[in-house]
Structures are given as structure tokens and as C-alpha cells.
Amino acid sequence: MAIRIVLAGEGGQGVQIIANMLAESAYAEGKEAVYIPNFGVEQRGGVSIAYVQIDDKSIGSPKFPKADIVVALSNRAVDRTRQYVDERTTFIYDTSLISAAEIAEEAMGIQAIEADPRSQRTTELTDSTKKKDQVKLPENAANTIGIPANDIAKNELHPRVFNIIILGTLLKATAVVPLERIKEAIEDKLGAKFEKNPALRELNYKALDKGMSLVERLV
Amino acid sequence: MSEKPVKGSRRVFMTGNEVCAWAALAAEADIMYGYPITPQTDIMQYWTRLAPKYGRKFLQTEDEISAGFTTVGGVIAGKRAFSATTGPGNTLFQEPMSMAEMMRIPTVVIIPQRGGPSTATVIYSQQEVTMTTFGGNGEGFRIVYSTAGHQDLYDYTIKAFNTAWKYRFPTFVLGDGYQAKMREPLTIYDPAERGIEMVKTEPLVGLPGTPGVDRPVQYLRNTYNTEEELYDVVMSIAKDYEKAAPEIMEWQDFDTDGEMDVLILAHGVVSRAAQGALPLLKDAGIHAGHFRPITLRPMPEEQMRQAAAKAKRILVVESAYGQFLKLVKEALYGMDKPIDTLLRPGAGVTAEEIVHRIQEGR
Numbered sequence: 001m002a003i004r005i006v007l008a009g010e011g012g013q014g015v016q017i018i019a020n021m022l023a024e025s026a027y028a029e030g031k032e033a034v035y036i037p038n039f040g041v042e043q044r045g046g047v048s049i050a051y052v053q054i055d056d057k058s059i060g061s062p063k064f065p066k067a068d069i070v071v072a073l074s075n076r077a078v079d080r081t082r083q084y085v086d087e088r089t090t091f092i093y094d095t096s097l098i099s100a101a102e103i104a105e106e107a108m109g110i111q112a113i114e115a116d117p118r119s120q121r122t123t124e125l126t127d128s129t130k131k132k133d134q135v136k137l138p139e140n141a142a143n144t145i146g147i148p149a150n151d152i153a154k155n156e157l158h159p160r161v162f163n164i165i166i167l168g169t170l171l172k173a174t175a176v177v178p179l180e181r182i183k184e185a186i187e188d189k190l191g192a193k194f195e196k197n198p199a200l201r202e203l204n205y206k207a208l209d210k211g212m213s214l215v216e217r218l219v
Numbered sequence: 001m002s003e004k005p006v007k008g009s010r011r012v013f014m015t016g017n018e019v020c021a022w023a024a025l026a027a028e029a030d031i032m033y034g035y036p037i038t039p040q041t042d043i044m045q046y047w048t049r050l051a052p053k054y055g056r057k058f059l060q061t062e063d064e065i066s067a068g069f070t071t072v073g074g075v076i077a078g079k080r081a082f083s084a085t086t087g088p089g090n091t092l093f094q095e096p097m098s099m100a101e102m103m104r105i106p107t108v109v110i111i112p113q114r115g116g117p118s119t120a121t122v123i124y125s126q127q128e129v130t131m132t133t134f135g136g137n138g139e140g141f142r143i144v145y146s147t148a149g150h151q152d153l154y155d156y157t158i159k160a161f162n163t164a165w166k167y168r169f170p171t172f173v174l175g176d177g178y179q180a181k182m183r184e185p186l187t188i189y190d191p192a193e194r195g196i197e198m199v200k201t202e203p204l205v206g207l208p209g210t211p212g213v214d215r216p217v218q219y220l221r222n223t224y225n226t227e228e229e230l231y232d233v234v235m236s237i238a239k240d241y242e243k244a245a246p247e248i249m250e251w252q253d254f255d256t257d258g259e260m261d262v263l264i265l266a267h268g269v270v271s272r273a274a275q276g277a278l279p280l281l282k283d284a285g286i287h288a289g290h291f292r293p294i295t296l297r298p299m300p301e302e303q304m305r306q307a308a309a310k311a312k313r314i315l316v317v318e319s320a321y322g323q324f325l326k327l328v329k330e331a332l333y334g335m336d337k338p339i340d341t342l343l344r345p346g347a348g349v350t351a352e353e354i355v356h357r358i359q360e361g362r
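Those protein sequences? They're chains A and B, same order as listed. Counting with our numbering, you get residues 1 to 219 for the letters of the first sequence. Counting with our numbering, you get residues 1 to 362 for the letters of the second sequence.
No wet-lab data here; the hints were simulated from the structure. It is possible that some hints are incorrect.
Once the Cα atoms are required to be at most 27 Å apart in a straight line, the calculated BS3-like pairs of lysine-lysine come out as [stated by the list, open to error]:
id, chain 1, residue 1, chain 2, residue 2
1, B, K166, B, K57
2, A, K136, A, K172
3, B, K7, B, K53
4, B, K337, A, K31
5, B, K7, A, K189
6, A, K57, B, K166
7, B, K282, A, K66
8, B, K7, B, K200
9, B, K312, B, K337
10, A, K172, A, K57
11, B, K282, A, K31
12, B, K282, B, K243
13, B, K166, B, K282
14, A, K136, A, K57
15, B, K79, B, K4
16, B, K310, B, K239
17, B, K312, B, K282
18, B, K53, A, K189
Make the full structure from the sequences, and use the hints.
Below, the structure is given as C-alpha cells:
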């Protein structure tokens with residue numbers, strides 16, 4: 001079965017690394033896999049998008065119009081990935097980084113006129129209190145799942161394993177590769193560091209488990 | 001002699017740029033000249049990391065004009081030399097590549113196309129087709145392989161060196177930013193184990209013996225004094241090119257047997273979308289075929305015409321605004337076939353978009 005995944009976040013959130021690990025594990029599992037990073041002219045910053053396709057058959061074009069799973073890890077990432085969502089897509093976002101827009105009382109006036117989700121974000125002009133940015137999530141997804149991965153990473157584990165939590169979530173959602181393969185991919189990337197500090201291995205495995213506990217199998 | 005970089009054959013999962021570096025190593029390339037530009041730079045980076053282990057060389061030049069001319073120089077010195085560039089860098093390469101056409105210098109250049117015109121994007125396009133096939137102030141006496149993925153990049157980078165040295169025309173491997181940056185599986189191999197023998201290289205100047213006595217005089221010229229002189233030279237290159245063309249041209253066709261409702265013409269990575277569209281179209285009751293020229297120069301015109309003759313309509317699909325279309329029109333000149341287009345300059349094309357385009361046209 002073919003699975004198409006779009007992963008997007010801010011540069012530095014580790015989106016490309018986990019996309020690569022997922023594709024690599026699928027390849028190691030004997031599947032066809034294509035991973036392509038989207039990159040801009042900027043040296044750092046900006047939205048980072050990764051496209052992953054995993055299939056039993058050989059894979060056609062590296063990009064695709066709609067994804068089975070879209071993971072967005074920042075407000076801007078939500079905007080950039082909206083186009084890949086349709087009625088079959090599972091949309092996963094981080095509730096600790098993104099809050100879905102509600103009709104805020106102070107914004108009532110402009111909401112009726114401007115449907116553009118940007119108008120619903122807090123701005124310095126309309127909001128004096130500093131709040132989490134709000135963004136309108138895609139409304140056409142089959143499922144929309146919010147997970148507090150960033151909070152869990154910060155409070156229960158370590159901020160640096162944020163992306164590994166996401167990887168765990170993806171793994172559980174897609175069941176596209178066995179956990180063991182992902183562990184091998186992590187070992188491949190971080191093996192040298194684990195040698196020096198075995199606690200890091202445990203931390204990464206915990207992050208994987210945690211990520212897996214946040215969702216059910218979806219695809 | 002250092003050990004072989006690729007022994008036997010093995011399955012790997014790599015980026016396209018990494019594939020090109022390994023292919024050049026396996027093809028016994030001696031030296032790469034280059035100037036960095038995204039999305040090509042990783043070829044240089046992989047090469048500089050790997051080359052010293054196998055006794056190969058690298059020179060970073062001050063710009064692409066220099067990278068092109070030093071590649072020409074390396075070849076003249078008898079080295080299996082190559083370079084890689086893209087976008088505005090490819091523009092600058094046209095001057096040295098014109099010289100290579102005139103002097104029959106077998107350079108190899110890998111082009112992972114980025115968006116254009118000008119700086120544009122560092123991501124992807126098929127907008128360097130016109131420039132790579134017919135750039136420079138000449139007649140397009142060059143060979144251009146348009147690859148569709150990582151296996152192609154490996155196979156045709158190796159082949160490019162042999163085609164260049166066998167026929168003595170500058171040869172290009174025309175990829176794109178997607179192929180450069182994406183990772184997918186392929187098999188890398190030692191060419192010798194597949195019966196591929198690398199064409200021997202030799203210096204084009206400084207040969208032993210007295211010129212005119214022991215051996216013919218080597219006239220490596222790109223400057224001529226009279227119209228007649230130049231005319232004779234260009235006509236002789238044209239004759240050689242036309243003679244070699246049928247041996248060089250390559251193509252693939254998919255489901256082109258029998259009457260087709262539509263024949264999809266696409267090259268490079270877009271061919272993968274076309275191949276993906278065929279089963280979807282079949283399900284929708286449309287008999288579609290696909291013809292993919294692998295060499296854009298020389299173009300397998302006769303083969304394309306044969307496929308086109310069996311189709312009611314033609315659909316040309318490319319990530320450019322009509323550059324491949326122009327080559328198609330030239331190939332199909334005189335045929336009475338309606339041509340539809342799906343032109344997406346600087347943007348990827350998916351199988352679904354091709355299906356949609358065909359269905360909306362009905």
C-alpha cells in the first residue's frame with residue numbers, strides 16, 4: 001500500500017531528520033521509498049517541508065498533490081501544508097505550538113468580513129495581551145489530531161527529543177515500518193553519541209514510546 | 001592503482017548528488033572542476049570527500065566560466081574530467097561548452113536544473129532544456145541525457161563519459177533539483193562487472209613524435225579566418241554528429257501498442273508522472289501511451305513520430321513553458337496531430353495532474 005506523508009515545521013525542529021529516518025527504515029524493510037526535502041534560498045529559518053512516499057511498488061513523481069498524513073508543527077507550517085489536505089487526509093498538529101482559531105470576542109467585528117485565516121491571528125494592533133498565535137486548521141481533513149508533543153518533550157523528557165516524539169506518532173499512525181527498524185535508524189544516526197551517554201538512547205526510546213501512545217493506527 | 005570505489009554491485013539509498021559522485025568515481029573520472037551552486041554543490045562536496053581516497057583530484061575555480069574552461073583544459077590534457085552546474089551557472093558554462101563543440105572536446109557536465117529565469121528558485125525545474133541542448137553560439141553539437149531518477153543518474157553519468165570520449169562531443173547529464181536532493185533506492189555497480197569498458201582517454205596536445213612526420217598535425221582551433229574555412233569545419237562536425245546520432249539516441253515507450261487516445265510526451269523526472277498516469281487513465285477507460293526521449297540531443301525523432309502516428313492526440317508535459325514542446329514540434333513537423341500541453345514552469349508535475357488535464361480536454 002502506498003503512503004504519502006508531508007511533514008512541515010520551522011527550520012531546526014528536526015523535520016527533515018525524522019522524514020529521512022522514516023524513509024530509510026522503510027527502505028531497510030525492503031519497501032520502495034522516496035524522500036525529498038523542500039528547500040529555499042535561505043540559509044536558516046523559514047518553513048521546512050519534507051515529502052515522504054513509501055510503497056510496495058516503484059514510486060513515480062517525488063511530489064504529490066494530496067497526502068495521507070500531514071504533520072504541521074508551526075502556524076506557518078499549517079498554512080504551507082493546507083494544500084496537501086483532502087477528505088482522506090489525517091492532519092496532525094502540535095497543540096502546544098499551534099492553537100486552533102476560535103472566534104475571539106475582540107475579533108468578532110472583522111471575522112464577518114474577512115474569512116482569511118490570517119485575519120484571525122492575534123496582532124499587536126488588536127491584542128494587547130500576549131497569546132499564543134492562532135491559526136485556522138484545515139476543515140476538510142478526514143481526521144484532525146492535536147498532540148502536545150512540544151510540551152511533553154519540554155516537561156517530561158527533553159526539548160531535543162521533540163522530533164522523536166513526532167516520529168513515534170507517525171510510526172504508530174502509519175504502521176509502515178516496524179519499531180525495530182526505526183530504532184536501527186536512530187542507532188545509525190546517533191550511535192556514537194549513545195556510546196558516550198547510554199542514557200540518551202533511553203531518552204530517545206522513551207520519546208518514541210510517548211509519541212506512539214498519543215495516537216491510534218490511522219492508515 | 002587505488003582500489004575500486006565500487007566493487008560488485010549493491011543496493012543503496014542515496015541522494016541523487018551522492019549518486020553522481022559515486023558514478024563519476026566508478027567511471028574512473030580523474031578530476032572534477034567546479035564552482036558551487038545549489039542544488040549542485042553536494043556533488044562537489046561528495047566528490048571532494050571521496051576523491052582523495054581513490055587518488056582523484058578536484059579544483060574549485062573562481063566562477064563557472066572558469067569551471068567550464070578548466071574542464072576543457074583537463075580533457076585536453078587527457079584526463080577524464082567533469083563538472084556540474086545549474087541555472088545561472090549553466091548560462092556561464094555555455095561559452096566554454098561552445099568551445100568544446102568546436103574543438104570536439106569530450107567534457108562531461110552534470111546539470112541538476114533549478115528554477116529560472118535568473119536566480120529564481122534553488123529547487124527544481126526543466127527550464128534548462130533549451131540552454132543545455134542548444135546553448136552557446138553554435139549548432140548544438142552535443143549530447144544530452146535527460147535522467148528520470150537515481151538509477152538513471154548512475155547509469156548515464158557513467159555512460160556520459162564513454163559517449164563523450166567515443167564520439168568526442170561535449171556530453172551533459174540533465175537532471176533536476178528533485179533528483180539531486182531526494183533519496184531513493186538504486187543499485188550501484190562496478191561498470192567492468194557489467195561488461196562496461198571505459199573508453200580510453202588520451203591527451204589532445206603534446207603527443208609524441210614530430211607533427212606532420214610521425215603523426216598527423218593536431219589542429220585544435222576555435223578561430224578561423226575565412227568563411228569557407230569555417231563552413232567546411234562546421235559541416236564536417238555536422239556530418240560526424242549526424243552519423244553518430246542514431247547510435248547515441250535512446251528512448252523508452254510505455255503502452256504505445258495499438259491505437260491510443262492520447263500519447264503523453266515527457267522527459268526526465270516528469271516521465272515518472274506520465275508513467276504513473278497510465279494505469280489511472282486505463283481505469284478511466286482512456287487508452288494512453290507514453291514516449292520518453294532519454295536523449296534530448298540527439299532527439300529520437302523517428303521513434304517519437306512512430307509512436308505519435310498511433311495516437312489521436314499528443315499531450316506534452318514539462319516543468320517549463322514550452323522548451324521541450326519546441327523540440328517535440330520540430331520532431332513531429334508535418335504530422336497532422338493535435339498537440340495539447342501541460343506546462344508548469346519551475347513546478348513539479350504529478351500523475352494526478354496529467355490525468356486531470358487529459359480528462360478536462362475530453
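Numbers of unmet hints, in rising order = 4, 6, 12, 13, 14, 16
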